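Kindly generate the complete structure, drawing on both the sequences and the hints.
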Amino acid sequence: MKTSTSLGSLWDTWGITAILVLLLAVAPVLTPDFFSLDNAQSVLRESAYLGIVAAGMTFAIASGAFDLSVGGQLALCSVVSLIGFAAGGTALAIVAAVATGLACGLINASLITRLSVPPFVATLGTLFVFRGVSYILTQDGPKTLPYDQIGSPFVKIGGLNVAGVPVPFVIMLGVFAAAWLLLRRTATGRRVLAYGSSPEAAKFCGISPTRLRFFVFALVGVSVGIATLTYITRVWTADGSAQDGFELKVIAAVVLGGTSLKGGKATLIGTFSAVLLISVLNDMLVSEGVPSAYQRIVLGGVLIIALTIDGLRTRFAAPGSLRRAVSGLGVRTPQPGSVR
Amino acid sequence: MKSKILVSLAVAGALVMAGCSDSNAPSDNQSGSDKVVVGFSVYDMQYEFFQKMEKGTREAATAKGWEFKLHDEKSDENEMVTGAQALIDQGVDVLIISPFKPSALGPIIAKAKAKGVPVIVDDIGGGGAPYDAIVISDNAGGGKLAAEYMAKQIAANGKTSKNVASITCEPSAVYAARRNAGFKAEIEKQGFKVVAELSGNSKAEEGYKVMKDILAKNPDVAGVFSCNDPMGVAAANAVKDAGKDPVKDIVTVGFNADPEAITAIKANGLAATVAQDPAAMGALTVKLADQALAKTPLTFDNAAEREVYNPVQLISKENVDTVK
Amino acid sequence: MTAVMRKAPLLLPLLGVLIVLSVTTDSFLTGANIENVLVAAGIVAVPGLAMTFCLAMGEFDLSIGSTVSLAGVVCCSAIIAGQPAAVAMAVALAVGAAIGLANGLVITKLGVTPFIATLATLVIVRGLSLAYSDGHDQIVSSAALKYLVGGRPLGVPMPIVLAVFATAAAWWTMNRTRFGRWVCAVGSNREAARVSGLPVDRIRIAVYVLVGVAGGFWGLLISSQLQKGNGQLGMGFELDAITVVVIGGTALLGGRASILGTVLGAVLIETIRNGLNLLNTPPAYQRISVGLLLIAALAIKGIRRAEATTMPATAPEVAR
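Heads up: the sequence lines are chains A, B and C, in that order. Per the working numbering, the first sequence starts with residue 36, numbered consecutively. Per the working numbering, the second sequence starts with residue 737, numbered consecutively. Per the working numbering, the third sequence starts with residue 47, numbered consecutively.
Treat the hints loosely; a few may be bogus.
Claimed, not checked - With a straight-line cut-off of 25 Å between C-alpha atoms, the simulated BS3-like cross-links for lysine-lysine are:
| no. | chain 1 | residue 1 | chain 2 | residue 2 |
| --- | --- | --- | --- | --- |
| 1 | B | 851 | A | 191 |
| 2 | B | 1002 | C | 155 |
| 3 | C | 155 | A | 297 |
| 4 | B | 984 | C | 192 |
| 5 | A | 300 | C | 192 |
| 6 | C | 192 | B | 980 |
| 7 | C | 192 | B | 976 |
| 8 | A | 284 | B | 810 |
| 9 | B | 849 | A | 191 |
| 10 | B | 1023 | B | 851 |
Just so you know, the hints here were simulated from the structure itself, not pulled from any lab data. Quick caveat: nothing in here was measured; it's all calculated off a predicted structure.
This is the structure:
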């Protein structure tokens, strides 16, 4: 399915990447140590868990829904994974993480399809429930990797570098590669996009909403399970309070990357770049010693600027849009067929 | 064609093997200057308690002629690990850390040990990790002081009720929970009963709400202990809103000696609080850091856990003016 | 009976909870406790009512929690600086309105989707609040401010009085004025509304300003209770506000709104919270219960809706 390469659609996919490149060009000027090996590795290592979940979330948003429970899922997968490690070592920890993620995704999907709870509310509810279960499991204190396990392969997942590239980032690359193939080269991927564009039309084409939603939410759950492996092996601990507010960060990254909240459109390249953009920006702000109050202001501002550009871009994509945009800055006249 | 692929794979494999390195292993960053560089990673600078701690640490460090690098964990365990490890990468000679999540100290200390950087923990907790030393407020002892004071004051108020309440911090603050545990142990020894132990999630808004519920359920409650001052002062406000006096009717005690608590005590809006001295604790960590760098053996109050205690002090109307 | 049930689907669960709590604890049905619950419900109902308008448009405002904080900080610092309480409160409300205006403009003029725009505002305003207060509590001792929460006109606690007025005003606006119909029209189908000549952008901005002012007011109420303002108050409040509206039956898709539902939702949530505290429930279990409640409330709605129509509730759940 070839899309026309208008400026607008190029921006769709590569816009955020362009901004990322710009930022990287500026970074060493503002923070001299930015491209030191340690710092670069740190940024890449840190972006992994956000990135992997964002990849899964891209599918969800492309299908027209979002999953607010990923923060709770991360907490629960982390706690269960650590319990698994204590019981059966690295292998069990890995299996436990992914299995828990899958289970959470299936629970979400069931609520949404069988009980017809709207995704926003269902995942809001499961966010509380998953965190609550994590709290119950850690009532005697957070689950932690014992210090003497520092040599174990599980810890190495988080700490090791391959050819100078941190393993968590390698995993993230792998996940994005697989996700890209899934989205662009399989029928399932096309179905996700079709469903997100128009659920009614998709139904007429024989796409089963139930199966699609199961797929999408299970995918998000599995991505959280995999992300857990990159997270818990760096932090070594978890309880119910892990990563409060994670879900908003993930969704922000996906939307920042260019995937539309309306559904039907997705760009994994955009998500990937947006995740790196957020990590790089955060790293620069911390290195500069910017007080956290101002860090918040900067990050919020970036979000707005990036999406303003996106909104303006949409306006320029349709024919005659330049004229409309100019007149639109003044008096607004109703225009049938305008995108917003 | 096939052989080309094989060769490329082999070369790639060799590169990978050669390039495998461990981020927990030492990297070749040495700070070349002779000045001692101390890295201080703090829980969250938006709280008064840690602002004081940072000030005390910084002043003590600069008094020694050290360079001081600050990192704010912003109440995020991920940021804590990343930032503290970054400080180590930047070549600090010693790391002082007030951990948001003590159980996440493991990876930080692993990296520090690999580079021979001593780690001194300031308050909150040690998470069972092999730090060099931890300066800790005696949380349990503070709870005990609160209980002793409360029992005395309830008697002075002439109340016969033996019921008290305890408001806990958020469930994941396992070290702060020692305050309530210490309180409960001592108050029960004094013959009282903790009829309600509810969590205010460390937030003022919830402390207020929880206190109202406690009052509705146990109108005869004679005292309430809160795990921190935001909740303590909020609970005192709830007591006032119910028409009672937070000193003479229901003895409200907080923990931390935050400015709002001091102000409240002076205005008879709170009975007492337990003062930690974060600035002094900061200075103490610098002293310990100095000793660790000089490889002098450290003396501990609790050698098994390498704990160095900083005494806590009960602050009530009698001695509130002595607080800085 | 079924007509009542359809209009106020929360009545049955609410009655159920009331009965259970009356039986399991002896302190629930006391005058003091019921008053506590109603006051708490009243406090969250006011922003909930404003949020109802927002959800009726098919949008939501994630930044209201930060508005609570900034408004509280502004009000308390003004009082500390010597301003009369009335002036301080007015300024705080103006700040809330300004935040709402900013949200509205970013969303309509810059075309940023509401989720991201209000998320960004959430982050920025929180930063502003922390920066303005320099991380310190703004402690006050203001009887005038206290009256917002502690006053008892005619013996009725002020928050309940405020909530009653707010409910009446909201109900009237939503159901008896052009503006209310417009909001629902925009929520049903924004393009159709625009094509029919409605001033869609101005309607949206007005609603965000309303939510902003309500957020400011919420900040005043909280500061009144706690006699302070600081940069950490109000975290997570947006979820509370959205939850009471959603539980109350206002559809997330927009186009329909239930004012009464929001109020009952507020009462239900606060009753359950109160009940869990009275039963000495450990905090971990308390968190689960809110989540389960949310799911249950909408599962019931979903089951009934599925029986009524054959179309699944699948259209994109976000602002178009």
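Consistency of the hints with the structure:
Between residue 851/B and residue 191/A the CA atoms are separated by roughly 18 Å; this keeps the pair inside 25 Å, and the hint holds. Restraint check for residue 1002/B and residue 155/C: not satisfied, since their Cα atoms lie roughly 51 Å apart, outside the 25 Å limit. With a CA separation close to 18 Å, the supplied pair residue 155/C and residue 297/A stays within the 25 Å bound. Taking the CA atoms of residue 984/B and residue 192/C, the gap is about 21 Å. The hint holds against a cut of 25 Å.
Taken as a hint, the residue 300/A and residue 192/C pair is broken in the structure, with Cα atoms around 51 Å apart against an allowance of 25 Å. As the CA atoms of residue 192/C and residue 980/B are separated by approximately 16 Å, the hinted pair is consistent with the 25 Å bound. With a C-alpha separation of about 11 Å, the suggested pair residue 192/C and residue 976/B falls inside the 25 Å cut-off, and the hint holds. For the suggested pair residue 284/A and residue 810/B, the alpha carbons sit about 15 Å apart, so the restraint of at most 25 Å is met.
In summary, the hint linking residue 849/B to residue 191/A is supported, as the alpha carbons are separated by about 16 Å, within the 25 Å threshold. Proximity of residue 1023/B to residue 851/B is assessed by CA-CA distance (about 21 Å); at most 25 Å being required, the pair is judged to hold.
Checked against the numbered hints given earlier, this structure breaks hints 2, 5; the rest are met.
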